[in-house]
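**Q** This is what each chain is made of:
2 protein chains.
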Amino acid sequence: MNGFDVRDGELVIGGMTLSALAERVGRTPFYAHDARRIAARVAEVRAALPPAARLHYAVKANPLPALVTHLCGLVDGLDVASGGELALALRSGGQGAHMSFAGPAKQAAELEQSVAAGVLVNIESFREVPLLAAASERLGRAARVAVRVNPDFELRGAGMAMGGGPKPFGVDAEQVPALLRAIGSAGLAFEGFHVFPGSQMLHGERLAVLIEQSWRLVQQLAQDAPGPLQHVNLGGGWGIPYTEADRPLNLLPVSQALAAVQTALQREAPGARLVIELGRYLVGEAGVYVARVIDRKVSRGEVFLVTDGGLHHNLAATGNFGQVIRRHYPLVVGNRMDTAEREHVSVVGPLCTPLDRFAERVALAPAQPGDLVVVFQSGAYGASASPSAFLGHPACADVLV
Amino acid sequence: MNGFDVRDGELVIGGMTLSALAERVGRTPFYAHDARRIAARVAEVRAALPPAARLHYAVKANPLPALVTHLCGLVDGLDVASGGELALALRSGGQGAHMSFAGPAKQAAELEQSVAAGVLVNIESFREVPLLAAASERLGRAARVAVRVNPDFELRGAGMAMGGGPKPFGVDAEQVPALLRAIGSAGLAFEGFHVFPGSQMLHGERLAVLIEQSWRLVQQLAQDAPGPLQHVNLGGGWGIPYTEADRPLNLLPVSQALAAVQTALQREAPGARLVIELGRYLVGEAGVYVARVIDRKVSRGEVFLVTDGGLHHNLAATGNFGQVIRRHYPLVVGNRMDTAEREHVSVVGPLCTPLDRFAERVALAPAQPGDLVVVFQSGAYGASASPSAFLGHPACADVLV
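Sequence order for the protein chains is H and D. Quick note on numbering: the first sequence equals residues 1 to 401 in my numbering. Quick note on numbering: the second sequence equals residues 402 to 802 in my numbering.
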């Protein structure tokens, strides 16, 4: 069931049956992230990457400290998106030398923090150059920098396009030569490029084309670099399926494209790092959100399971976080997995708003108050991407098991 | 400008120019709520209500403690949606005897807390009756209750319909007689009814019809009540305009409808309270969200103002909180109000996601880093309805001025 085993009629998460896990957590609702599934996913990605490639985890997907610490032991580095994430990554066992920092509005204090921690800064604006130069001088160490490029090609098939056309992210490819001159003049320690044209890609062949295009762009831009190319970050954006209409990403073409890039990179810039950064793809499918049924109400023929979990904890799963088409995440009654019977129910949360709904007339095992609803695909952009204070309900628990 | 004055080329909020206010708050981004505008709005609503009607504030719209305290001095009671909001309301000066509690998944502990504090509970499910009876017995005081009714008519023209058809909110009108018998048998202190069929209504005539329909429904249901009718809460749902396409609510038909209800109520149940509960309508237009321009980037001909504020603080203003059509809130460069010149710009936040955008190619006064972007209509469903932890950026300040 979405990659989780079933035992004694219950979903198994982190080696425990769901009800045993709920007892251990001590309350509902909660998130649970399966450490072994994360490790298995990392191994699967490693097998698809060229052996020399570096794999980074993008902390923004899930900043739970225990999970970040777990990933520190599995991947080669972390990517952070703010000074807050940088501090959390350091606290959770990350090493500054193996981190990079991207973001369109980096503050002077965040840039200083990055230089002090030896973090590679992905420059997204000319504005950052003098700030990094000042920080370098004050701290007595040259800022390590890469250029985040807004490519001159469009990504087709991404859930969210983040490159091509006018964008707030990165520096337009055509402006990069001037930025490279500014970096050289300022005495910053240039290392390479970052190209991240989109996210939530589910089409392997298109992603492969994009990797090839990104690499050609890097080759071309590197001609104007103020120093040798040491670092090529081709982003991530590898998607996971959220609904039955989604097919899982085919890694084969991606793997082939990356192998070709690694070969060319090794030839043109021996020793340079090829970096792939993934967030959602590493953790999204290993996490579930669990809520308890509080009431079973029948209103004019429609059955509502009213749970203690809602959009305040898992906004995206209710289809309300920027989604244009409201599609709910897959879910089950996790302690009634052996029941063949089905009834059509709507699953809602405790908030006084019609937005607070996890499912609309889906076929589930008949449920009663006390039962546990499990929302799959909840490992990324869950708790941290939800309005936890909305309507004053308790915070949810969040565990790595 | 959206009801705020301009002085010395700057927006005036809480009697201060925007830049003086920003200095006083000490950092950006921040929310600021104008206490005088809230008071003026309450006075305006009072003038539209029958003199005997009670006005309540729905805390969920904005639970900022200072703002709740301010409203406690202006309105007759508070409505809460969780045990957390109830505790906050008590801490902020609210009195339990003048509060009501609604919500579809009330926990046993929340019901006990309500009984202990003397709060009127709007019962939304048969499930609550034995829990309230047990709490009444344990605490030695009868639970004060009203019945939240899911009406048998549809609200047309509401931003979000919360009544009519199958709904998780309230008890279907046709089930209410049985619920009233259960309340009587359990010895709970019955007081009346709550009908709240929708929110964000902008059409005064339709709202007036709805008030009349709700009242007729209450009259009919009251015939089966286990005690005299003392309380009629006809909800709120009064909307505010968010875009130029929205017209403000015309209060005249609403006022006339409520006057007729009050007259009839006084005749049929002398001394009974008519309650109107409003959240967004009281505070939504009195609050602004202020972010500082960090960068002014030009990408392929499009100007981006990159600010330090984003969807992590004001999700709805970016059009990403359950909105099907992404429409942004009105905004200005609040320290350049005397500039007649305009340029078309997109206003984005600091997050690494294309969702983090307050405006798309709007005409604003030309802005530079350091300038202050003001997002209007941000007084309700702002900070508390946003994913504050997303990407690890600092919390925003939130002040009543």
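Please note that the accuracy of each hint is not assured.
Unchecked claim - A short, non-exhaustive set of chain D residues, derived as facing chain H with CB atoms under 7 Å:
(1) Arg437
(2) Ser483
(3) Arg528
(4) Val530
(5) Ser700
Said to hold, decoys possible - Footprint (simulated), chain H over chain D, 3 or more residues, beta carbon under 8 Å:
(6) 690-698
(7) 705-718
(8) 741-750
(9) 787-796
Keep in mind that the hints were calculated from the coordinates and are not lab data. Heads up, the beta-carbon is just placed ideally off N, CA and C, and yes, glycines get one too.
**Q** Using C-beta distances, would you say chain H covers the segment 787-796 of chain D, given that this needs three or more residues below 8 Å?
**A** holds (count 9)
**Q** Let me know if the C-beta of D:Arg437 comes in closer than 7 Å to any C-beta of chain H, holds or violated.
**A** Hint violated; D:Arg437 Cβ to chain H Cβ min 26 Å, cut 7 Å.
**Q** Tell me if D:Ser700 is really an interface residue toward chain H, meaning its C-beta lies closer than 7 Å to one of theirs.
**A** holds (4 Å)
**Q** Closer than 8 Å Cβ to Cβ for three or more residues is the test here. Does the segment 705-718 of chain D pass it with chain H?
**A** holds (count 5)
**Q** Given as covered by chain H, does the segment 741-750 of chain D meet the bar of three residues or more with CB within less than 8 Å?
**A** holds (count 3)
**Q** Should the hint that D:Val530 touches chain H count as held when the rule is a Cβ pair under 7 Å?
**A** violated (12 Å)
**Q** With 7 Å as the cut and Cβ atoms as the points, is D:Arg528 at the interface with chain H?
**A** Constraint on D:Arg528 satisfied, holds at 5 Å.
**Q** Count residues of the segment 690-698 of chain D with a Cβ under 8 Å from any Cβ of chain H, then say if the count reaches three.
**A** With 3 residues close enough to chain H, the hint holds.
**Q** Go through the hint on D:Ser483 and say holds or violated, using the shortest Cβ distance to chain H against 7 Å.
**A** Nearest chain H Cβ about 4 Å off; hint holds.
The structure fails to meet hints 1 and 4 from the earlier list, while all remaining hints are met.
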